[in-house]
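Colleague: Read off the chains here:
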Amino acid sequence: MPVYSEKVMEHFMNPRNVGEIENPDGVGEVGNPICGDMMTFYIKVKDNHLEDVKFKTFGCGAAIAVSSMVSEMAKGKTLEEAQKITPQLVADELEGLPKNKFHCSNLGAQALNKAIQNYLGRKKKERKERVMVGQKGKRKRLFCPYCDEEIMKADLPFCRACGLKIFYCPECGKSVNRDDKVCPHCGAEIKGERT
Amino acid sequence: MRRVYLDNVATTPLLPEVSEAMMPYLEEFFGNPSCIHDWGDAPREAMEVARSQVAQLIGANAEEIIFTGSGTESNNFAIKGLALAQQNKGKHVVVSAIEHFSVLHSARTLEKWGFELTLVPVDKYGVVDPEDVRQSLRKDTVLVSIMHANSEVGTIEPVQEIARITRENNVLFHTDAVATAGTIPVDVKALGVDALSLAGNQFCGPKGVGVLWVRKGVRIMPLLDGGVQEGGRRAGTENIPAIVGLGKAGELAKTNMATRIEHLTHLRDRLLTELLARIDHVAVTGHPQNRLPGNASFCVKFIEGEAMLMLLNSQGVAVTSGSACTSRALKASHVLLAMKLSHELAQGSLLFGIGLNNTPEDIDYVLEVLPPIVDRLRQMSPLYAKFTRTNKGGK
Numbered sequence: 008m009p010v011y012s013e014k015v016m017e018h019f020m021n022p023r024n025v026g027e028i029e030n031p032d033g034v035g036e037v038g039n040p041i042c043g044d045m046m047t048f049y050i051k052v053k054d055n056h057l058e059d060v061k062f063k064t065f066g067c068g069a070a071i072a073v074s075s076m077v078s079e080m081a082k083g084k085t086l087e088e089a090q091k092i093t094p095q096l097v098a099d100e101l102e103g104l105p106k107n108k109f110h111c112s113n114l115g116a117q118a119l120n121k122a123i124q125n126y127l128g129r130k131k132k133e134r135k136e137r138v139m140v141g142q143k144g145k146r147k148r149l150f151c152p153y154c155d156e157e158i159m160k161a162d163l164p165f166c167r168a169c170g171l172k173i174f175y176c177p178e179c180g181k182s183v184n185r186d187d188k189v190c191p192h193c194g195a196e197i198k199g200e201r202t
Numbered sequence: 078m079r080r081v082y083l084d085n086v087a088t089t090p091l092l093p094e095v096s097e098a099m100m101p102y103l104e105e106f107f108g109n110p111s112c113i114h115d116w117g118d119a120p121r122e123a124m125e126v127a128r129s130q131v132a133q134l135i136g137a138n139a140e141e142i143i144f145t146g147s148g149t150e151s152n153n154f155a156i157k158g159l160a161l162a163q164q165n166k167g168k169h170v171v172v173s174a175i176e177h178f179s180v181l182h183s184a185r186t187l188e189k190w191g192f193e194l195t196l197v198p199v200d201k202y203g204v205v206d207p208e209d210v211r212q213s214l215r216k217d218t219v220l221v222s223i224m225h226a227n228s229e230v231g232t233i234e235p236v237q238e239i240a241r242i243t244r245e246n247n248v249l250f251h252t253d254a255v256a257t258a259g260t261i262p263v264d265v266k267a268l269g270v271d272a273l274s275l276a277g278n279q280f281c282g283p284k285g286v287g288v289l290w291v292r293k294g295v296r297i298m299p300l301l302d303g304g305v306q307e308g309g310r311r312a313g314t315e316n317i318p319a320i321v322g323l324g325k326a327g328e329l330a331k332t333n334m335a336t337r338i339e340h341l342t343h344l345r346d347r348l349l350t351e352l353l354a355r356i357d358h359v360a361v362t363g364h365p366q367n368r369l370p371g372n373a374s375f376c377v378k379f380i381e382g383e384a385m386l387m388l389l390n391s392q393g394v395a396v397t398s399g400s401a402c403t404s405r406a407l408k409a410s411h412v413l414l415a416m417k418l419s420h421e422l423a424q425g426s427l428l429f430g431i432g433l434n435n436t437p438e439d440i441d442y443v444l445e446v447l448p449p450i451v452d453r454l455r456q457m458s459p460l461y462a463k464f465t466r467t468n469k470g471g472k
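In the order they appear, the protein sequences are chains V and E. Counting in my numbering, the first sequence runs without a single skipped number right up to 202 at its last residue. Counting in my numbering, the second sequence runs without a single skipped number right up to 472 at its last residue.
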């Protein structure tokens, strides 16, 4: 089949890095069955480097070879380096692609980039969440149900200020009065002996 | 490695008897049949023998046979030539949505020339409803063209019934019989058509030669102007070796048709039954019964046709994905889409064109190598991963 270069055929016959990554740091999906090619890239990032790259591809021989080549080119690179992989570079590495396949099947770089964007987006969100957790923590501050002094350490069995025994709601973990049958914070029923 | 040719839809191998019949006209009898001197005699006589051989194949009169350069030329000639010859009567033509591109694109060209075009739909098996053809007819309709059978999915169309309708309405009816002539019985009188195309390379004849049969009395505008070859309807020095080969192939096809059909049907049924048993999520395309004997077409879910084709090729098996003319156009087959298959499914189409040279061992070999190929590509496919995760979309 002389339509494809030897390199394309080699990657098509023995594709590298096929598969999925469990709990990936980033996922990128491009294409759809209408245009005939669909690629999903999974990445694992460590110290700003692509520790692992895997893909799944629905498509023609060129699409499979492109995915394989992109995964090979990207693995071990820094995120910045990996983002510089262009369709043209992939085609060059594959010793050329048929003209009519260049645009439709050469989606690998795009899919990888999307996975990296996904990773960066997640990281941003994570940072945001951490800040939010901090804020929530403030709101979640516990106070002694008797003297209203702040309880600095959760699960402390007694209030440091007034010395009274503190009980905690088994549902939400907030401090409750010893006589409370129902948690005033979350409404959960509090059972069991409290001495 | 075993080599198995299963792309007899693209073209068929030349039979030894055919190439033997052709050889003298490539060497000794090279003359131009239009010449009056002795060198023109043998080619001319051979051409007339071929003409009557083809006429007998389709139940026509020899004088109605026009030799062309290919099935594609025959279809172009029929669509454009018949429509143009009657444009004073009207400028509306009707073709089906699953025609070969040589018909479909010719009809599109007519549109550019001021004609109007109606595309008749097909059902999920690729069958044209004759009633739809009746509905599409107008006062200014001058031509209907519906193929005898679709080579891509194998479905045989109800040409006889459509011909009855066109005759009632005084509209010319052309049928593209490239997939059927020389393979299954084709009789122009029984079909009731006015024009019919066929091609030599579809029944073990040579490439570069086709035939357009036009019923006597029907006017057609020539596409090629020049000399008076073929009664002035198709100018150009005739391709005598190919014409001789076509005639011989036609004669052999007529003589051996029953045994050939039996052979092909047997292999086809074995291939399809076993494939369905061995591979999950496969949908046979085309009509389950009314189909060409050598045609085994189906779609494999979750993977793409070209990748399968390439891996089969690496195992020595030649097949096609969709028609050979569309396989490099990167589009899902217009035939499968007209049959309302999803794009996703249509991308996974595979077509086995079984031929006279194929043996039961060839089929066994395919049954051995194809399932692992499907498996391998599915392991790579995000669509299959999604399916196994959600267990949806299998039907």
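It should be emphasised that the hints constitute simulated quantities derived from the structure, not laboratory data. By construction, the Cβ of each residue, glycine as well, lies at the ideal position given by its N, Cα and C atoms. Wrong hints could be hidden among the right ones.
For lysine-lysine, the following BS3-like pairs were computed, each having C-alpha atoms within a straight-line distance of at most 25 Å [claimed, not checked]:
no., chain 1, residue 1, chain 2, residue 2
1, V, K121, E, K168
2, E, K408, V, K51
3, E, K168, E, K293
4, E, K408, V, K106
Listed next, with one range per pair, are the computed distances between beta-carbon atoms [said to hold, decoys possible]:
no., chain 1, residue 1, chain 2, residue 2, range
5, E, H343, V, G103, 53 to 63 Å
6, V, L96, E, T467, 56 to 66 Å
7, V, L96, E, E445, 48 to 58 Å
8, V, E29, E, H343, 20 to 30 Å
9, V, G103, E, A360, 52 to 62 Å
10, V, H56, E, L196, 48 to 58 Å
11, V, E79, E, R355, 18 to 28 Å
12, E, T467, V, G170, 33 to 43 Å
13, E, R466, V, Q124, 46 to 56 Å
14, V, R23, E, P90, 51 to 61 Å
Some chain E residues flagged as far from chain V (calculated, every beta-carbon gap over 10 Å) [claimed, not checked]:
no., residue
15, Y82
16, M100
17, R121
18, G146
19, F178
20, L196
21, D217
22, G269
23, R355
24, D357
25, I380
26, L388
27, H411
28, Q424
29, M457
30, A462
Colleague: Take the hints in turn and mark each one as holding or not.
Modeller: To see whether the hints hold, each was checked on the structure:
no. : hint                        : verdict
1   : K121/V - K168/E             : 52 Å, violated
2   : K408/E - K51/V              : 35 Å, violated
3   : K168/E - K293/E             : 23 Å, holds
4   : K408/E - K106/V             : 15 Å, holds
5   : H343/E - G103/V: 53 to 63 Å : 44 Å, violated
6   : L96/V - T467/E: 56 to 66 Å  : 36 Å, violated
7   : L96/V - E445/E: 48 to 58 Å  : 40 Å, violated
8   : E29/V - H343/E: 20 to 30 Å  : 49 Å, violated
9   : G103/V - A360/E: 52 to 62 Å : 35 Å, violated
10  : H56/V - L196/E: 48 to 58 Å  : 55 Å, holds
11  : E79/V - R355/E: 18 to 28 Å  : 34 Å, violated
12  : T467/E - G170/V: 33 to 43 Å : 58 Å, violated
13  : R466/E - Q124/V: 46 to 56 Å : 23 Å, violated
14  : R23/V - P90/E: 51 to 61 Å   : 39 Å, violated
15  : Y82                         : 15 Å, holds
16  : M100                        : 30 Å, holds
17  : R121                        : 41 Å, holds
18  : G146                        : 26 Å, holds
19  : F178                        : 17 Å, holds
20  : L196                        : 21 Å, holds
21  : D217                        : 36 Å, holds
22  : G269                        : 40 Å, holds
23  : R355                        : 21 Å, holds
24  : D357                        : 17 Å, holds
25  : I380                        : 7 Å, violated
26  : L388                        : 8 Å, violated
27  : H411                        : 14 Å, holds
28  : Q424                        : 5 Å, violated
29  : M457                        : 5 Å, violated
30  : A462                        : 6 Å, violated
Of the numbered hints given earlier, the model fails hints 1, 2, 5, 6, 7, 8, 9, 11, 12, 13, 14, 25, 26, 28, 29 and 30; all others are met.
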